[in-house]
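Full structure from sequences and hints, please.
The listed protein sequences derive, respectively, from chains A and B. Numbered by our numbering, the letters in the first sequence go through residues 54 to 436 in order. Numbered by our numbering, the letters in the second sequence go through residues 6 to 139 in order.
I should point out that these hints are in silico values taken from the structure, not numbers from a laboratory. Where is the CB? At the ideal position from N, CA and C, for every residue including glycine.
A short, non-exhaustive set of chain A residues, derived as facing chain B with CB atoms under 8 Å:
#	residue
1	Ser194
2	Arg202
3	Ser249
4	Ser250
Non-contacting residues of chain A with respect to chain B, defined by C-beta distances greater than 12 Å in every case (computed):
#	residue
5	Asp82
6	Glu121
7	Gly124
8	Val125
9	Ser133
10	Ala153
11	Leu227
12	Ile239
13	Ala317
14	Ile321
15	Ala404
16	Pro408
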Amino acid sequence: MSAFPRGAAALVGTATYGLGESPGLSSIDMAVHASVRALSACGLAPADVDGLFICLADDPLSGLTLAEYLGVQPKVLDNSRLGGSSFQMHLFWATLALAAGQCDVALIAYGSNQKTATGKLMTAAGLSGYESPYKALAPISSYALAVARHMHEFGTTRKHLAEVAVAARSWAKLNPEAVMRADLSIDDCLNARLVSSPLGLRDCCLVTDGAAAAVVVRAERARDLCRYPAYVLGAASSVTHRDISSMPDLTTTAAVQSAARAYAQAGIGVGDVDVVQLYDAFTINTIMLLEDLGFCAKGEGGAFVSGGRIAPGGELPVNTNGGGLSCVHPGMYGLFTLVEAARQIGGECGARQVPDVNIALAHGNGGVLSSQATVVLCSAAAL
Amino acid sequence: MTASSANTATLMPELGFRRHLAEGRFMLLRSRSSGRTMFYPRVAMPLTGEQDLEWVQADGRGTVYSTTAISVRPPGEPYNVALIDLVEGPRLMSRVDGIAAQDVTIGMRVQARIVQESGQPLLVFVPAETEARA
Numbered sequence: 054m055s056a057f058p059r060g061a062a063a064l065v066g067t068a069t070y071g072l073g074e075s076p077g078l079s080s081i082d083m084a085v086h087a088s089v090r091a092l093s094a095c096g097l098a099p100a101d102v103d104g105l106f107i108c109l110a111d112d113p114l115s116g117l118t119l120a121e122y123l124g125v126q127p128k129v130l131d132n133s134r135l136g137g138s139s140f141q142m143h144l145f146w147a148t149l150a151l152a153a154g155q156c157d158v159a160l161i162a163y164g165s166n167q168k169t170a171t172g173k174l175m176t177a178a179g180l181s182g183y184e185s186p187y188k189a190l191a192p193i194s195s196y197a198l199a200v201a202r203h204m205h206e207f208g209t210t211r212k213h214l215a216e217v218a219v220a221a222r223s224w225a226k227l228n229p230e231a232v233m234r235a236d237l238s239i240d241d242c243l244n245a246r247l248v249s250s251p252l253g254l255r256d257c258c259l260v261t262d263g264a265a266a267a268v269v270v271r272a273e274r275a276r277d278l279c280r281y282p283a284y285v286l287g288a289a290s291s292v293t294h295r296d297i298s299s300m301p302d303l304t305t306t307a308a309v310q311s312a313a314r315a316y317a318q319a320g321i322g323v324g325d326v327d328v329v330q331l332y333d334a335f336t337i338n339t340i341m342l343l344e345d346l347g348f349c350a351k352g353e354g355g356a357f358v359s360g361g362r363i364a365p366g367g368e369l370p371v372n373t374n375g376g377g378l379s380c381v382h383p384g385m386y387g388l389f390t391l392v393e394a395a396r397q398i399g400g401e402c403g404a405r406q407v408p409d410v411n412i413a414l415a416h417g418n419g420g421v422l423s424s425q426a427t428v429v430l431c432s433a434a435a436l
Numbered sequence: 006m007t008a009s010s011a012n013t014a015t016l017m018p019e020l021g022f023r024r025h026l027a028e029g030r031f032m033l034l035r036s037r038s039s040g041r042t043m044f045y046p047r048v049a050m051p052l053t054g055e056q057d058l059e060w061v062q063a064d065g066r067g068t069v070y071s072t073t074a075i076s077v078r079p080p081g082e083p084y085n086v087a088l089i090d091l092v093e094g095p096r097l098m099s100r101v102d103g104i105a106a107q108d109v110t111i112g113m114r115v116q117a118r119i120v121q122e123s124g125q126p127l128l129v130f131v132p133a134e135t136e137a138r139a
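As structure tokens, then:
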């Protein structure tokens, strides 16, 4: 029996920082820039924080680093790392810790200077000794293998993938913060060079710098700190493998399990969701995850994303910030899905604001379709 | 001491796999009691935890489960990476040689081969028909 403390905690302050390029700053500098902005948005300061949640790509002990940098001695400190879905699980643990009275103000933070520091994706998810001799591109070839299988089983096409990239770009054009805002057509995607077939250049997420942070408190205090808190209704994760060669079925992710548990905790059905933020490391993620999250049947994701259904003005708004494909992708993107979901609930999204958002999904993906984590957030009206 | 614990004490999964390859043998770990085979080699069978493990010669036949052709700068040709389902059940990452990278297809029957690459033995696969003619 699930005893998740539904609605017991809420995001009351969120921030992003340095999307694109932030020369001269380290990953922790950037994470702290976002952190103090998120705290300040709800009238708090580092000294108020007694729960810290972080993982940085270039610092395995980043929990210690952040505590030292902020000058705090947290009661709860978590540095756990599940790839890009880490932050969904940070929110899971933060909610449990807050509900159990183990801390009062939790801060979840991430930052990466990968673009200016290395120019490429900074990842700990290298290939195992059994995979590395074949020189697969990490992580793109692993995703390409999933795409090939999805195409083989369900007739998914490169045009379906292109629909995802174009929808993400259409949202990015409405977001002044998004890194890639130039026009992008289906033909641009189809004509882009293949990197690891069937995936081409426009199927891949960006490589950028960027940071994000979120402040989480118990629900009874949320309205004092924030006009429109985003309450945590459900949070769950599941994992099927680390390396792609050990993924049981390359067309179905553990999001099937994580979403089912998160919806049950939240007491919602997929039809209740107003807006979806999901980790689109590659265009196939959006197609497969929309299937696994229950928005369409397995194999129908390609048709589902076509015709502008997930673009601005479409039936289901997906990745309203432009996603990892067009907004920002600083290595582990999961926290940005939470920030955008909270911003949509808070009505802070300007031109890309979806009207009347009461229930928002923020779904993280880690490794190579390995770790899946689903969070359901809601407005006060939907509690 | 039982045979299985004696075996476990001397079992070196990755080193053993590579040593066998160097001797020209593609070997898998199998549980004596359950008959289940695993890949990659581990010190215990997933889920059941059996440690009564022994190295057995792989059949060598398999089927392409998925495939990708990785682009390189011209004039280089794309190279292949594939996931192969072995007839014993387990799946592994490898590549299919003897055919253009982009011509490898899902469902293609393949046969294991050990080649030398960068001074190391490497497990690859070739289309099964090619192997039959060879």
